[in-house]
Structures are given as structure tokens and as C-alpha cells.
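Asks: Below, each chain spelled out in residue letters.
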Amino acid sequence: MKKRVALIGNPNSGKTTLFNGLTGLNQRVGNFPGVTVEKKAGKFQTARTEVELIDLPGTYSLFPKSLDERLTFEVLCDPANEDHPDLNLIVADSSNLERSLYLATQVIQLGIPAILILNMDDVSQKMGVSIDTELLSQYLGVPVVRTNARSRASLLAIHELIDSDPKPSAKELMPMAEFKPDVLAQVSKVVDVNGPYAAFQVACNYSLISYFDRHPEKAEVIMEILESSSYRPYTMQARESQIRYGFINDLVPLVEARDSKKRIDFTSRLDDVLTHRIWGFVIFLSVLFLIFQALFTWAEKPMEWIEGSFAVLSEQVARELPPGMFSDLLTEGIIAGLGGVLVFVPQIAFLFLFIGFLEDTGYMARAGVIVDSFLRKFGMNGRSVIPMVGGFACAIPAIMATRSISNWRERLITMFVTPFLSCSARLPVYTLLISLVIPSDLRFLGLQVQGLTLLALYLAGIFMALAAGWVLKKILKTNYSGTFVMEMPTYKWPDLRTLLLTIWEKVRIFIWDAGRIIVAISIVLWFMSSFGPGDRMARIDEEIAVADAPSKVEQLQSERLEVSYAGHLGRAIEPVIRPLGYDWKIGIALITSFAAREVFVGTLATLFSVGDPDDTASLREKMALERDRVSGAPTYGLATGFSLMFFYAFAMQCMSTIAVVKRETGGWKWPLIQAGVMSAVAYLMSFIVYQAFTLFF
Amino acid sequence: MQSIADLSIDEQAVVVEYDEGDFALSMMQMGIVPGKIVRIIRTAPSGNPIVLQSGQTRVAIRLEDAQMMKVKTI
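Protein chains in written order, with this note's numbering: chain P, 1 to 697; chain W, 1 to 74.
Keep in mind that the hints were calculated from the coordinates and are not lab data.
The C-beta atom is built at its ideal place from N, Cα and C for all residues, glycine as well.
Some hints could be false.
To spell it out: a stretch of chain W is covered by chain P in this simulated footprint if at least three of its residues, at any positions, have a beta carbon under 8 Å from a beta carbon of chain P; those stretches are [claimed, not checked]:
#1 21-33
#2 39-52
#3 55-68
Same shape as in the complex, but just chain W (with noise of 0.2 Å):
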């Protein structure tokens, strides 16, 4: 399955599950739960970490946690 990290810039997707594990609780009790419509809105300068919007809530990760987190463009 596609994961957020294969997403280009400004793509829309919904999350749709995560691999089990802290990451996993992070993101979730941030809102960004499955279900919830996802982008990536812009990158560090050197590619990753990566920066999500989801709402009015905006989260750095990295490219190796951003593969835990399945999704499915729209």
C-alpha cells in the first residue's frame, strides 16, 4: 500500500492505517487519525523531514516514519 512518503508536494490523501508502534499513538493524538484528509505542504531543504497539514494542524516528520502511515491519494 502507498505510503505518505510517496505522496508529492500538495497531493491530497486520506490516512488510512498506521504500522503499530509510538509513531503510530503520535500521530493519531495529534487528529491525524485514519480517515482524516492528508497533505504534505513542503519539505526541509534537504528532502526530509517532511511537514503534513491535516486540518488546521500542521506536523514535521521524517521520511522513515512517514512510511508507517498508509494512505490512498484522492
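Bound-form chain P, shown alone (with noise of 0.2 Å):
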């Protein structure tokens, strides 16, 4: 027997723990049709049953408020939905059946089979909570199980309910005499519905749903129906909460004991310190220091393996094959490429580690009510700051999480502001630039001038982030409707096992995404740079074959360089960069990088390994040794480095930024207005900088 099998439930209630526990990890993440919401399919198989399980993304109710939720209600009420299931897993908080109820409720009078699910059994223990499952099931007319998700027997018991073929059930949860059944009845005759109350939140919702989209005409008969019966939409959803409310808090006293009150305790005890006044914002900074202090010292270690392993790679085989256009296409475009899209992993491991680790303790819920106000001047929300947070490990899935900010207005701020967030690609290029131009034991109050530059310049990516949020809530006035109600979770352990699964994810997709793209401009670079127009590139490998001094080889390399079609393209766009301090190569550089920053280095690794792959000199040495040719003075110098930290830390250069951005948009207006003024910002920025510094220095 084949199920499709959806997983619903509220936002905390452990449904990716669960869902993880069901899969294992015969699962895939991709995209709902037409829609950037992160679609997680999994595949698994009980004694009789081959299932196919949709974990929806949480909700509190079917009302479709955010475009998640939408989601959640398109494939639940369109019978004809691709991923409509034949069966529904409905995972509710046992700590708080009160309210999951409402959600489990709903979804069960939708005409669906279901299982009742009463996840965080531990926890619900713990708190001296006990729940009559059978008498609960008698009265849902649905098989109820309790469980823990991170519990073997848990995960049988729910296999064997799935192998019970459980039937929709019989009991009408809430009577629909109130809600003008002849509307719904002539609602349900123009679109294919399981029941009344599947047309009812059809009734109510229809100008949301994407169906109504493709199907103009049958909106325009919904409409003509709800008119005709003057059917209010807000009065019959206000009306469905309290008479459902109703019904549930009658029924939770029925099958639910409850002993006393010792984790609402500890939860509030956590909040007297976290939401303080004074200690919820030192603990608030602590923690975003120990998330740059994790990403710059425990990544360290296994950033440098990597970038060791993958130059012993690429001598190896440059000793192996004998040389040629092959032997170096593999060395210095593939190897070197792959080499510059792993070295990211440690660091966005660790910041989806952090990032994973507070949201699943409930930690970001109280940032959020920290900085609420104080993001609110800047035209943003307390919800802005998971993606904000987010946006320093990376921009797109940030962007992406903003689809949790109701009002559009500061959804779209949050979007427009987040790149100028140090995301973790721009790290590479801060701690190459960093390392090169400042010397690791130069000391200012006893702390390294490289910490506090890198602090800096996280700094200054929140200063410009907010400035920017500041100046479009000037410009986007539109009237307040701000409806911010976010839910304060219990705190809780997070799940190994699930924190370890999204950054395995986080980890696939980026290497899926913006690795493929790195490698291809790689290679693309490589041949920029190995070939050139005319035969001056041969003349010059000529007298490099004769050539006896060293001094004179590396010089002749140089000018290979030079007169390739990579040194006439960053020639030609060398006076425009001139007074931010820069020359050619840099100038490649920020032309490639465009793609996505982590390239830059990537770049650079390539321009300056050319011509010479015996030499497994890392990068850093490299670009030290470079002198400018008439001065002899260093060509990346002070003025130069801070120039092009500035450079990186403000300006766009991200493709899939932008490419997002025009998706959640819906729209070229805002990336493209985005892209310009980041780009205008990150150049006059970048000329104050060097400018001042050659001044100065």
C-alpha cells in the first residue's frame, strides 16, 4: 500500500524532530511549485505501508496569513493539489493541547484521515501533565498517539496507526449550522471540496489561494455567492475561533490532568534574565560575540586542513600528469576551485549550528522581544531578527526566512537591508584582506587589531543596514498595520540530530548552488587568464623557456598575466577603480566576484598561481611579496586592504542575492534598485576609506 502523508502542526511543536526521526535520512529539501517555500520530502516504510512524507511548514490555524501558511492551506483544502495527502500526521505540543488543538481541530473536519500526534510527551511529563489519549479519540473521532519524537517505540507506534488505515472521522468538531451552510453548500458546487468545512475556508480565503489565480472565472462566482449572501470573511473566521475555542476548552478539562506548574517556572526563572532590561542585552551581545568568535577561531583549524589538503592535491597531480593544458586546467581551475567553495564549510556549519541551536531553544523568540522596538525605528520587526541574524551567515536563506513577517512593508525592509549584513562569503575576502595588510601581533589595548577590524567591519555592515532601513521607512510611509504577534515557546533542549540535519543541509545547498557556480568561473578564469589575443602570450612563454635568472621568470609570468584577455579586461577597467586604490587584478577580481564575493579570493588564488603551479605558496604569501613594479612599495598595503574590506562589506555583488530578492518581490524594481544603491555606497565608501588613509598614513 502507497500513502502520501502530510506533516502538520504548530511552529515549536517538534514536528522537524519528528519528521527527521520518520525519514532518517532518506529525504530531499526542494521547492514548492511556483514558490520559494522550502519543500521537505521524505520517503519511509512501515510493515505495510510505503509512505511518502510533505513536512508543511508550521502554522497555528488554517487561516493563511503568511505565504508559508498559504501554503500549508492550498495543499490541504485543493483535493486536485499535487501534494493533497491521503493521510494527515497532526503533531501537537501535549504541554499545550489547548492550542494545538485549534490547528488538529481544523485539520481533522477538513474530511482527511488523521492521526493525532501529542508530541513532547518528555516534556509534557515533566511538567506534570497527563493526557487521557483514549478518551481524546473518542471524542476527535481519530486515532491518538503519544509520542517522543526522539523515541524508537514512538516512531513504531505511529507506524502502526499508519498501517491501521484510519478513516476520516465521523464527528463533526464544530457544528456548521453557524456558518450559512447553503453559502457553503453553493460555494462547494463551484470548486471540488471535502466537505463543508473544507468550503468554509474556502469561502473565507479564496482571494489568496493561487488556485482562484489560475481559475478567475470560478473567484468571480465565489464572489457573486458571498455577496449575494452578504458572507463576511472576518466575522465567520472571528465567529470559527471562539465557538472552536469553545469546544476545546471544554474538552481539554475532560482528558487532560494537570499537577503543577514546575517548567512554566523554570521558563519564566530563564525570562527574569534573558528579557532584563540590562542582562537580556549584555547576554543578547554575548551571544552574537561568541557566534564571530566561533566563527573566526574554532573554524580556523579545519579551514586551514582543508586549504593544506586541497594544495598537496594540486601537486600531486601536477607531478602525476605530465604538464599541459590538461594538467593545468585540472590544477589551477577545478582543484583550486573546489578548493575555494570548501573552505566555507566550517564557518557556515558553525553559524547554522548557532543559528539552529536558538531558535530551537526558543532563545530568538526573546531576541526578538529585545530588539523589537529598537528595529522598529529602522522600519523593521522583532521577527527581522532571525533573518538579520541570518543574514551573516547568508543572505538567501535569510531573505527567504522573511516570508515569516507579515506586514509587507517591513518584510520588504528586512529583505532590502539584509545584505548588507557581513554574510559568512564575505569572510574569506575579510581574512585574506585582514591577514595580509595587519600583522597578527600588533596589539591595541591588548586586543588584536585583527579581532577589533573584523569587529569593525561587522560594524559597520549593521550601521549601513540600518541607515538604509531608516532612510526606506522615510520613504515607504504607508499606514501603520503592523500586526507583530509572535509566540514565546517554552525553552527547550534542541535535538542533536535534527541541529546536525539542517546544516547538512545548509552545507549541501551551499555547495550545490554557489559551488557550481564558483567552480564554472573557475575554469572560465583560468582560460582568461592562460590565454590571451595575438600571439604575444607565446612570445612570452618563449623567453620564459630560455629565461636562466628566477627573478627574470617570475617577472616574464607577471607580464604573461598582463596581456592576457583577464589583464586586458581588468585594464579596462582599471581607471574607474584607480581612486579606490586599486589595480588590475583587484579589478578582475571584483568582475568575477560579482557572481558571488567568496570568488574574489578564489580569483586572486587563480591570477596569482598562474604560470607557476610548482609553487604551493599559499595566497596570503603570495599577495604579500607583490610590489609594485615602480615604487617597490607593497601593492596591497593599508589604504588598498581597508579600501576593499570597505569595498566587500557594502557592496552587492552577489548574483543569487539578487536573483532571490526578484523571486520573493516578485519583480526586477527592488533587486535592481537594491544592487545600484549598494553598489553606490560600497564605491564613495570605499574612496573615503583609501582616500583618508593615504592621507593619513
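Make the complex out of the two chains shown on their own, each in a separate frame, by following the hints.
Replies: What follows is the structure, encoded as C-alpha cells:
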């Protein structure tokens, strides 16, 4: 037997942990058709059923306020939807049965077979909650099972219930008599739905459903039906919540017994500290600092190891293969490009470890409360803190995470400013430049100047993001309609396995999506810097072959690069970037890194290793040796280094971000404005920094 | 009528009604429906937003929205 099963539940109900427990590693992440909402699907096999499980975005009710919720709504209410399930697994937080039952009873009433899973049994037991599952099952008309997503026995219990082939509930949990059944019957004739409650949902929300974008004539008919019977969705939905909670409030005392409030007390004691007017801020800033520290020091060793391994590999390949174009392509194009991708993995992993940890423990919501009044001054809200902290890892998932912000203006501003925050792709650029121009033993007030510089760059990004938000808020004056309703979940320990799977997912997406671009560009670059117009390259090659002094060879190699296609391109833009202190090599890197910032380092690596494949000295050392041929001063000095750092802090330089903003805002207007503004700010700031440094140092 | 924004911390009140809008629906779907007992358990360091508790549910809302939530102290 085959079944398509959907997993539905409130946010913070342990749904993801359960999904991972059920599917193990047998899962894939994609997008729902037409939208960028992440779709997680997996497969597993019970004794008798082959299950295809879809993880629907967490929601508190079927009412589709945000895009994520709209998706859940469409999958469940439209029987023609390609993901419409044969069975619903409804995940309830057993420590908050009352609230969980709202969505649960809505979903049960849609007329699709369902199983109610009372999850987080371990937590609720500690809180002294006991639930009579048998009685609850009788009232609801669906099987009910108590689980702890981390235990094997729980998963087997779910398997057994799936195999028992449950039927739709026969109970009318909320009598539809109060909701104008005649109107609902008319609606049922226009669209194919599973019963009067599904018809009610369609009647209330048809204007938000994409199905009706494709069938405008049906939307028209429904509008007429509602108008002629003065059917007001708001009144009906408000009535639904009152009647449904009336039923739930009567039901819960019958099936649940509570004997202490231990856990709530723990949460509230922790909140006393974590949202304290002074300690709350101190802890929040400490958490941010800890993240930077981890990225810089903990990630350093694995990064060095990856860099080193690729250098060895490149050397090995160059030694084994006969010298020639193929060997060069492999070592200087492909291997260098792959190394440039994989070196980010430690940082991305650490960042998503932190974000995942903060989110799963429940701290993120507190951080949101602490910063809401602050972020509002800049046109955002407390929910923006999650995308913004995410923006320190990568703007792409961060911009996608803004979907939880229901207010369009606040969401747009959050998307607009997030790329100003220093994402992890900037870190290698920063790291390279910092280590190049600032000695590691240089200290200021006992602190390493290298670390302070990094901190300054992050702060500059934050400052610019806020400034942009403030300006946008002034420009986009709309009426205040910012509803901000954010649940404060009970604190709990995150599930390690879920955390690790999340990290793995992010790493995999990065390697596939950004990695492909990086490797492709590395190959193009290798070609551009190995070939050039005319026969000048060939003549220089002949000279290198007969040159005797090493210094002569080095100089020829540098000349060779200058006459390549890359050299021509870099020099073409040199006049524009000269006032920022950049030479043609940086010019090339700026152009190629528009694809993705991290390409900057890869480009320089390729540019500097071209013509000298046996040299495995790190890029850092090579760049430091680079001298201006006229003055003999280091090419990458303090002024140029800082100018570049600030350029990368502010410039858009990421075509994936542009693509994702285009998708999320539904057009080219916003991403183009954003890219234009960011490039202008970057140019201006770098100009100021370079001129100031050359003047004063 | 009094709104929840007028209450001080830990003062108990009953939800009477909401001004019509998305805020009302969001709150009611979280289970904070008319008739429910609610109180402010804490505020953000700046005093806004405020955190409400009703039953087992704790939510943070802004003072501007809070004015749309009419209550009666008990």
C-alpha cells in the first residue's frame, strides 16, 4: 500500500524532529512549485505501507496569513493539489494541548483521514501533564498517540497507526450550522472540496489562494455568492475561533490533568534573566560575539586543513600528469575552484549550528522581543532579527526567512537591508585582507587589531543596514498595520540530530548552488588568464623557456598575465577603480566576484598561481610579496586593504541574492534598486577610506 | 473601554472584544479569545512589546496592537 502523508503542526511542536525521526536520512529538500517555500519530503516504509511524507510549514491555524501558511492551506484544501495528502499526521505540543487542538481540529474537520500525535511527551510529563489519549480519540474520532519524537518506540507506534488505515473522523467537531450552510453548499458546487468545512475555508480565503489565480472565473462566481448572501469572512473567522475554542475549552479539562507548573516556572525564571532590561542586552550581545568568535577561531583549524589538503592534491596531480593544458586546467581551474568552495564549509556549519540552536531552544523569540522596539525605528520588527542574524551566514536563506514577517513593508525593508550584513561569504575576503595588511601580533589595548578590524567591519555592515532601513522607512510611508504576534515558546533542549541535519542541508545547498557557480567561474578564469589575444602570450612563453634567472622568470610570468584576456579586462576598468586604490588584478576579481563574493579569493588564487603551478605557497604569502614595479612598495598595503574590505562590506556582489530578491518581491524593481544603491554606497565608502588612509598614514 | 495596554504587570483581566482586523484573528487563533483570562507577564526592556500569558500560551505583542484588545479587570 502506498500513501501520501502530510505532517502538520504548530511552530515549536517538535515537528521537524519527528520528520527526521521518521524519514532518517531518506529526505530531500526542494521548493513547492511556483513559490520559494522550502518543501521537505521524505520516504519511509512501515510494515505494510510505503509512505511519502511531506513536511508542511508550521502554522497556528489554517487561516493563511503568511505565504508559508498559504501553502499549507492550499495543499490541504485543494484535492487537486499535487501534494494533497491521503493521510494527515497532526503534531500537537502535548504541553499546550489547548492551543494545539485548534489547528488539529481544523485539519481533522477537512475530511481527510488523520492521526493526532501528542508530541513532546517527555516535556509535558515533566510539567505534570497527563492526557487520556483514549478519551481524546473518542471525542475527536481519530487515532491519538503520545510520542517523544526522539524515541524509537514512538516512531513504531506511528507506523502501526499508519498501517491501521484510519478513516476520516465522523464527528462534526464544530457544527457548521452557524456558518450559513446554504452558502457553503453553493461554494461546494463551484470547487471540488472535501465537505462543508473545507468549503467554509475556501469561502473565507479564496482571494488568497493561487488556485483562483488560475481560475479567475470561479473566483468571480464565489465572490458573487458571498456578496449576494452578505457573507463576511472576518465575521465568520472570528466566529470560528470563538466556537472552536469553546469546544476545546470544554474538552481539555475532560482529557487532561495537570498537577504542577514546574516547567513554566523554569521558563519564566529564565525569562527574568534573558529579557531583563540590562542582562537581556548583555546576553544578547554576548551571544552575537560568541558567534563571531566561533567563526573566526573554531573554524580556523578545519579551514587551514582544507586549504592544505587542496594544495597537496594540486601538487600531486601536477606531478603525476604530463605538463600541459589538461594538467593546468585540472590544478589551476578545477582543483583550485573546488578548494575555494569547500573552505567555507566550516564557517557555514558553525553559523547554522548557532542559528539552529538559538531557534530550537526558544531564545530567538526572546531576542526578537528585546530588539523589536529598536528595529522598529528602522522600519523592521522583532521577527526581522531571525533573518538578520541569518544574514550573517548568508543573505539567501535569510531573505527567504523573511516570509514569517506578515507585514509587507517591514518584510521588504528586512529583505532590502539584509545583504548589508556581513555574510559568511565575505569572511574569507575579510580574513585574507586582514591577515595581509595587519600583523597578527599588533595589539591595541591588549586586543588583537586583526579581531578589532573584523568587528569594525561587522559593525559597519550593521550600521549601514540600519541606516538603509531608516531611509526606507521614511520613503515607504504607509499606514501602520504592523501586527506583531510572536509566541514565546517554552525553553527546551534542541535535538542534536535535527541540528546536524539542518547544518548538513545548508552545507549541501551551498555546495550545490554557490559551488557550481564558483567552480564554473574558476574554469572560465583559468581560460581567461591562460590565453590572450594575438601571439604575445606565445612569445612570452618562449622567453620563459630560455630565461635563466628566477627573478627574470617571475617578471615574465607577471607580464604574461597582463597580456591575457583577464589582464585586458582588468586594465579596462582600472581607471574607474584607481581612486579606490585598486589595480587591474583586483579589477578582475571585482568583476568575477559579482557572481559571488567568495569568488574574489578564488580569482586572486588563480591569478597568482597562473604560470607557476609548482608553487604551493599560500595565496596570502604571494600577495604580500607583490610589489609595485615602480615604487617597490607593497601593492596590497593598508589603504588598499581597508578600501577593499569596505567595498566588500557594502557592495551587493552576489547574483544569487539578486535572484532571490527578485523572486520574493515578484519583479526586477527591488533587486535592481537594491544592487544599485549598494554598489553606489560601496564605491563612495571605499573612496573615502582609501583617500583618508593615503592622506593620514 | 480599557485595553490590555492600560494594565500593569500581573494584573488579571478578561478579554472582552477586539477591534476588527488581522491582529484580532491572529490573537484569537492563538487561543486568546473573548472570555479568556489574560495578564501581562513582562515587558521588553524598552517597555514595548509586552508579553502576555493566557493559559499555557505566551505571546509578545506591541502596545499599538494591544490597544485593539479590549479587556475588563477582575
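Asks: Output the indices of the hints that this structure fails to meet, ascending.
Replies: Failing hints: none at all.
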